[in-house]
Each structure stands twice: as structure tokens, then as C-alpha cells.
Amino acid sequence: MRAMIIDDSRAMRSILRRIVTDLDFETSEAEHGQAALDQMYAGVVPDVCLVDWNMPVMDGYTFITEVRANPEWRDVTLMMVTTESEQRQIVRALAAGAHEYVIKPFTPDAIVDKLSLLGLVPA
Amino acid sequence: MSAVVPEVEVPASEDVLAVTEDVWMALLGDDAPLLPRTVAPGAPFDVAAWSAATTISGGWQGVVTVELDEALARRLTMRMLALPADEQASDSDVADAVGELVNMVGGNVKSLMPGPSVLSLPAVAAGRAAFSSDSALACRVDLVWQDAPVRVSVHVPQEGPR
Amino acid sequence: MTTSTAFASVSALVRRETSMVYDEGKEYLVEARLNPLAAARGLGLEEYVARLAFDADERRKVVDALTINETSWFRDHTPYQAFTDAMLPALLERRQITRRLRIWSAACSSGQEAYSIAMLLDQHLPPGWSYEIVATDISTAMLERVRAGRYSQVEVNRGLPATSLVRYFTRVGRDWEITERLRERVTVKHLNLAAPYVGLGSFDVIWLRNVLIYFEAATKQDILRRMLPMLADDGYLLLGSSETTLDMPADLAAAWQREQIGRVPTYRRASAARSLTPSLTSTGA
Ligand SMILES: C[S@@+](CC[C@H](N)C(=O)[O-])C[C@H]1O[C@@H](n2cnc3c(N)ncnc32)[C@H](O)[C@@H]1O
Numbered sequence: 001m002r003a004m005i006i007d008d009s010r011a012m013r014s015i016l017r018r019i020v021t022d023l024d025f026e027t028s029e030a031e032h033g034q035a036a037l038d039q040m041y042a043g044v045v046p047d048v049c050l051v052d053w054n055m056p057v058m059d060g061y062t063f064i065t066e067v068r069a070n071p072e073w074r075d076v077t078l079m080m081v082t083t084e085s086e087q088r089q090i091v092r093a094l095a096a097g098a099h100e101y102v103i104k105p106f107t108p109d110a111i112v113d114k115l116s117l118l119g120l121v122p123a
Numbered sequence: 001m002s003a004v005v006p007e008v009e010v011p012a013s014e015d016v017l018a019v020t021e022d023v024w025m026a027l028l029g030d031d032a033p034l035l036p037r038t039v040a041p042g043a044p045f046d047v048a049a050w051s052a053a054t055t056i057s058g059g060w061q062g063v064v065t066v067e068l069d070e071a072l073a074r075r076l077t078m079r080m081l082a083l084p085a086d087e088q089a090s091d092s093d094v095a096d097a098v099g100e101l102v103n104m105v106g107g108n109v110k111s112l113m114p115g116p117s118v119l120s121l122p123a124v125a126a127g128r129a130a131f132s133s134d135s136a137l138a139c140r141v142d143l144v145w146q147d148a149p150v151r152v153s154v155h156v157p158q159e160g161p162r
Numbered sequence: 001m002t003t004s005t006a007f008a009s010v011s012a013l014v015r016r017e018t019s020m021v022y023d024e025g026k027e028y029l030v031e032a033r034l035n036p037l038a039a040a041r042g043l044g045l046e047e048y049v050a051r052l053a054f055d056a057d058e059r060r061k062v063v064d065a066l067t068i069n070e071t072s073w074f075r076d077h078t079p080y081q082a083f084t085d086a087m088l089p090a091l092l093e094r095r096q097i098t099r100r101l102r103i104w105s106a107a108c109s110s111g112q113e114a115y116s117i118a119m120l121l122d123q124h125l126p127p128g129w130s131y132e133i134v135a136t137d138i139s140t141a142m143l144e145r146v147r148a149g150r151y152s153q154v155e156v157n158r159g160l161p162a163t164s165l166v167r168y169f170t171r172v173g174r175d176w177e178i179t180e181r182l183r184e185r186v187t188v189k190h191l192n193l194a195a196p197y198v199g200l201g202s203f204d205v206i207w208l209r210n211v212l213i214y215f216e217a218a219t220k221q222d223i224l225r226r227m228l229p230m231l232a233d234d235g236y237l238l239l240g241s242s243e244t245t246l247d248m249p250a251d252l253a254a255a256w257q258r259e260q261i262g263r264v265p266t267y268r269r270a271s272a273a274r275s276l277t278p279s280l281t282s283t284g285a
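Chains A, B and C supply the protein sequences, listed in that same order. Following UniProt numbering, the numbering of the first sequence begins with 1 at its first residue and continues without gaps. Following UniProt numbering, the numbering of the second sequence begins with 1 at its first residue and continues without gaps. Following UniProt numbering, the numbering of the third sequence begins with 1 at its first residue and continues without gaps.
FYI, nobody ran anything at the bench for these hints, they're computed from the structure. C-beta atoms are modelled at their ideal positions from N, C-alpha and C, and glycine is treated no differently. Wrong hints could be hidden among the right ones.
[To be verified] Below, a sample of chain A positions facing chain C; criterion: calculated Cβ distance under 7 Å: (1) E100; (2) D113; (3) L117.
Turn these sequences into a full structure, and let the hints guide you.
Structure follows, in C-alpha cells:
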């Protein structure tokens, strides 16, 4: 499995990278939505994106909308990992095509649990 | 706590404390507790520090600021980046980690206030936080973790929301 | 009272009230959990423990403090999958007349098991069907949590699908509260699994998960024996992933027939026709 970690904080990317590497994922990283899209257009298409909401250049919500607009990326699973925690934001993200949503702060178990809910790691 | 225009809704310090504890627990685990620290009202943060702020605007206006002791900021950064003990976190690493810290606290504070609002990207500085003169302190939480002080404060516009 | 007699007396108390076995070596845990209670009464740990003999209220707090309440939404996933994919269709077939299901979450902790089941039933029961989930535990503090149906952000972040979070919960301050529609389906009752089961009726599915592990063999056997008549002839019993009936005496192991659904072992009453007479003298574990 390949995970792309999209967050403007290096420290947060590092935390997420360690969690998914422990699950044997290969990882790539991007510091905002546009950088992630560029990588995907260049052929680095992951199985799952862990994507922050508030980022410079292109935020995670826009990123999700862009990914969902491209039928070639139908199989990419999208998981928001963000401090945005209003019910309305979660509803918006899901409606735009996010499959799962983890609220920051999180413990590693929360990420593992959600990835296994999505069938990406054995329960 | 300084005077606040009465009509402005402010977060409860109990909530700000709980949010901070959740963030702390997630980043640093529970090997050492975050303890309350008694500080005179109005006293500026008293140690060599890093500070980070994020602005909430929309249905509610406010600024959430985290200030922390230099050594603590570096430990937090080492922990988040999982750097080996013999390595040093660079200033840019610290700025990044402290920025993410205020992002998490700020986002959760935002969710407790009337919305919809947006959260700005964090602004981080080495040194104490500077607060604008047209804002008033709404809530302040002083804590200490393994002898290192941390402060979370929330400011609201002096005039109330426009 | 010395620390070691205090520990012995607390572990005897917990054993008496819950059947949970607190072995030596768990002193640190007992101390960590009871120190705050003692401090709240302005007492040292030993003094506090000495007081327990005369104070039922404090005893209840000790039981609350020492039970292990770890739980999560859809814990282990697969049992819930087996429930929706196999048990539920079979029961829908067989309960055509009554169109009602009764489920028992025995040792429900904070209610995440009971409400996980409620969410699935809400999604999968055809119109016209009704259900009741009976949630029992020995900890009164946990039962209060089930009644309140309020969970912290940390709790809803783990194992609960985001679609279910927004569908069944409303944010209240820092917490998330489960919808009234599900809460009213859950009946909360105080029950010691080691004591008789009275006034509960019988169930189509019994979730007895992650609690037998805290008991010694005799108590486990007694509970599993008394679970037999609590289950409908064609019902299902689910245990925790590290729990089994295999290490039980032959008659008991035979009374519970293991039926594998995918990777999930379920237990069914072996030939309900010659069902065992419920033992009347089985409460003393
Ligand atoms: C680890 S939790 C399991 C919760 C849930 N069944 C699950 O699998 O996630 C164990 C629960 O058993 C309860 N318990 C312990 N002894 C009990 C007893 N004698 N009777 C009823 N409940 C008991 C505890 O209070 C605790 O809430």
C-alpha cells in the first residue's frame, strides 16, 4: 500500500509517516494540495491520501474536490486529518468525497483504526 | 483576567485547558502530567520563549496564542520529528512544530465558538508574543510540564465583532 | 494497616463485589487508582482502605475505579461484520412473526458496544421491525455514561466511521452526544455477571466480550452455564477475541456449539431441544 501524506507541517508529516510506515505502507509527502496534485499528475498515485485541511496554496478541501473530479483517481481513498472539528466541516468533507475523517489531535491508534475501517490494513 | 466587552462570547478556560491537555497527551503521551501554574494576572510570560498564534475569523473573532519555554519547544520538536537525542532541532523545525501545536489548539477552540469561522495559518516567532493593543485578553491558561512553563491565551477584539 | 494488608483487603473487596481477580503485582495500579479517592476524603491510602468496611458509597467508588473499562466502537470489526452479514439475515428470517430483536451487551462499559450495535440495527432493520438493547455493567459510573450517551473527541476519533459520527451524533461543547433515537433503544441496568440473572428475559444475540478474561475459571464456567437459558434457541453468543469455551469442562464446551462465521467464532446452544436444565445453585462462583 502507498500513502501520500499532505500537510504543511513537517512535524505532522513525520508523525503520520511513522504511523503508516509501521503498517508497512510506502509513503510520499506533499506540503499542500497543489504539490500533491502535481505528484499525482506525474504518476505518483497512492492508495490513500492523509490530507490536512488548512494549508497554503491549496487547502485539503479543494484537493479532495480536485481528486474526485478526475475519474482516473476513483480508487484513491481520501482521509482528512485535520484540526477542523465542527460537525459541519466533517459533513462538507464527506460530501466532497472524503472517505474518513480524523480530528487532530489524534493518537496513533486513531489512524490505524480508521485505516482498518477502510480495509487498508488487516483489523 | 482583563476586562472584556460583555457582549463578546469567550471560551471557558476550562475548555481551553481540556483542549490543551488533549493536544499534549497526543503529542507527548502521559509520562508526565501538565500541571497548573500560578501566575499573577497581567504578568507577561516570563521565560525565553517561542510563541505561535492563529487567528479565527468569521462567526467568531479571536486570536489563540501558545507561548512556551525554549527548552520545552525544542523537546516537543524532537519528539514530533522523532529526532535521536544526539541531534539538534533547527530553528525552522521548532517553528514548524510550534506552529502545528497552535494549529491544533486553535482549531479546537474554533469548534467551541459560534461559526462558521476560518482558522488562519499559524504565525510563529522566537520570543514572547506581541498582542495588539486593540485586543483584550479573554482567557488565559498557565501550565507547567516537567518544570517548563507553557501559556495558552485567547484574545478577542476590544470593540467586539463588527 | 500496612500497604500489603491494604492491598489484600482491596483485592478481596473487588473479588467479592465483582469476581475480578486482582493478583499481587497489581499494587501499583490499585495505588494509582485509589490515591485520588483517599485524597478526596483527606485520608492516607491505608486509612481510607480501613474505612471501606463501613462505607458502601466509597466501596462503590472503589469498584468503579478498579474495573477496567477499555472499549471502542465496533471493537475488532469482524464480530460486527458477522452480525450484519450473517446473524442478522438469519434472525430476520426467523423472527418474521414478532419482528422484534433483543440484544444484550453484558459488561457494556461506557456503551460503545451497545451503541455500535444500535447503529447497525438502525441501518439494517427493515421498516416495521423494532429492537431493544439491554446494556448491563457492574460499574455505576459506566452505566451513567451509557445513559448520558456522551463521548469525548478522543473517543469518537477511534474506530467510529465519520459517516456514523455525523449521522448519529451531535456536538455538545467538547463532547459528542448520541441521538435520542438510538438512546431510547438502550435499556441500562446494573448487573453483576456473577450473580443471578433475573428479570432480563431472553436474547437473540448476547455480546459477552472482554470481561471473562478478568475472572477465574470457576466463575467463567458458572457464567457461561447460566448464559445458556438467557439465549434464544436459535440465538448467538459472542465472546472477546481472546476468549473461548474450548478450555471449559466437556459438558459445558459441548453445550455451546461453536459456529464459525468467517473468521469470527460464535457460540450457539447445542440442540436446544435437549437444552440443559438451568442450574439453580450456580451463583456462588
Ligand atoms: C474491558 S470492558 C469490556 C467492554 C465491552 N464489552 C467491550 O468488549 O469493549 C469490561 C467491563 O466489564 C465490567 N465488569 C467487570 N466485572 C463485572 C461483573 N462481575 N459483572 C458485570 N460487569 C463487570 C467492567 O465494569 C467493564 O466495564
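Hints, one by one, checked against the model:
1. Using the Cβ-Cβ criterion of 7 Å, the hint placing E100 (chain A) at the interface with chain C is satisfied: the shortest such distance is roughly 5 Å.
2. A least Cβ separation of about 4 Å between D113 (chain A) and chain C falls short of the 7 Å threshold, and the interface hint therefore holds.
3. Interface hint at L117 (chain A): satisfied, since its Cβ lies 6 Å from the closest Cβ of chain C, which is below the 7 Å cut-off.
No hint from the list above goes unmet by this structure.
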